[in-house]
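S.K.: When you get a sec, could you build the whole thing from the sequences and use the hints?
Protein chains: 2
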Amino acid sequence: MSNILVSVELTADAFAPFGDVIEARGSPTSVINGGRCGRYHDLANLDFHESGRAGINIFQSQPIALPFQLRLVERHPLGSQAFVPISGGDYLIVVAEDEAGVPVRLKAFHGERNQGVNYRRGIWHGVLMPIEKAALFTVVDWIGDRQNLEEFHFKEPITITAQTS
Amino acid sequence: MSNILVSVELTADAFAPFGDVIEARGSPTSVINGGRCGRYHDLANLDFHESGRAGINIFQSQPIALPFQLRLVERHPLGSQAFVPISGGDYLIVVAEDEAGVPVRLKAFHGERNQGVNYRRGIWHGVLMPIEKAALFTVVDWIGDRQNLEEFHFKEPITITAQTS
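Protein sequences, first through last, are from chains A and B.
When we follow this note's numbering, the leftmost residue of the first sequence carries the number 1, and every step to the right adds one.
When we follow this note's numbering, the leftmost residue of the second sequence carries the number 1, and every step to the right adds one.
The set of hints was computed from the structure by calculation and includes no laboratory data.
You can trust all of the hints, since none of them are fake.
Repeated chains share a single entry, so a pair holds when one copy, or any two copies, can fit it.
The list that follows gives simulated cross-link-like pairs (lysine to any residue, SDA-like), each with its CA atoms no further than 20 Å apart:
| # | residue 1 | residue 2 |
| --- | --- | --- |
| 1 | K155 | G34 |
| 2 | K133 | G88 |
| 3 | K155 | L5 |
| 4 | K107 | R71 |
| 5 | K133 | V31 |
| 6 | K133 | N114 |
| 7 | K107 | P67 |
| 8 | K133 | R113 |
| 9 | K133 | G89 |
| 10 | K133 | R36 |
| 11 | K155 | V127 |
| 12 | K155 | L72 |
| 13 | K133 | S87 |
| 14 | K133 | P63 |
M.R.: Structural data, given as structure tokens:
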């Protein structure tokens, strides 16, 4: 595996194997409040193990600088996990396929300020990586008493860089 | 009932009869990602009727100007409804108590840019009222096939103004 990963544009199609892009793109699903508000409806496949429930949290993350040395990914066996920015700027998203408990074929996406993502249950992903500015995110995930975190530490860090035109 | 309502600071205590304030206030509940990220955990009492499920939406709302003439409030019998800003600025929040199906004793709160709210199931509330700037909000609410909207139109509009120091 190459140890350099270049981030690409975050689109619903490209991200589909890993989850949903949560964004107000195109025309709203419906218009409410007397025409004053557009609703983009049901943008994420929420999937929570019955031993817990859905919850809302805020994550407050320090920024990273590019290129970034990624040493760790994680996954949550009991539920999907959605992140939508509150403050900050663009951010990096790293996901991977799984082969017998090992994250493989990593991909990096460049999330824009008004884009969120929802990781499907069990998908390997990097931790929050706001670029240059600290950021707050709304996080919707599984809440319960069981262990819901699995981490994988890479032997060699993976360098993530931004796409250059 | 007075037809003028003055917005007050949005605090967890003042808002408690109507729902939760979703914000990163004080120290985080836990620190994750090797010290890089604070988690403010489980900030909203989500409550969804079993005929549906939790979902994530984005609302894109036009702004209001102050003073604002409020003509309508609404409530959702089948679930709580949470709003957390993605973009925009401060916004107005109006809630009311219920007396035999009629919203009474209205209150207006001034929500800051990084504050969200979660309306308890069945609480009367005004529609989205971003002040001066259009805004996007993450919305977590009940999704299903049943009718989940009840509206109340006031005979006379209620004027909402900002608190002056």
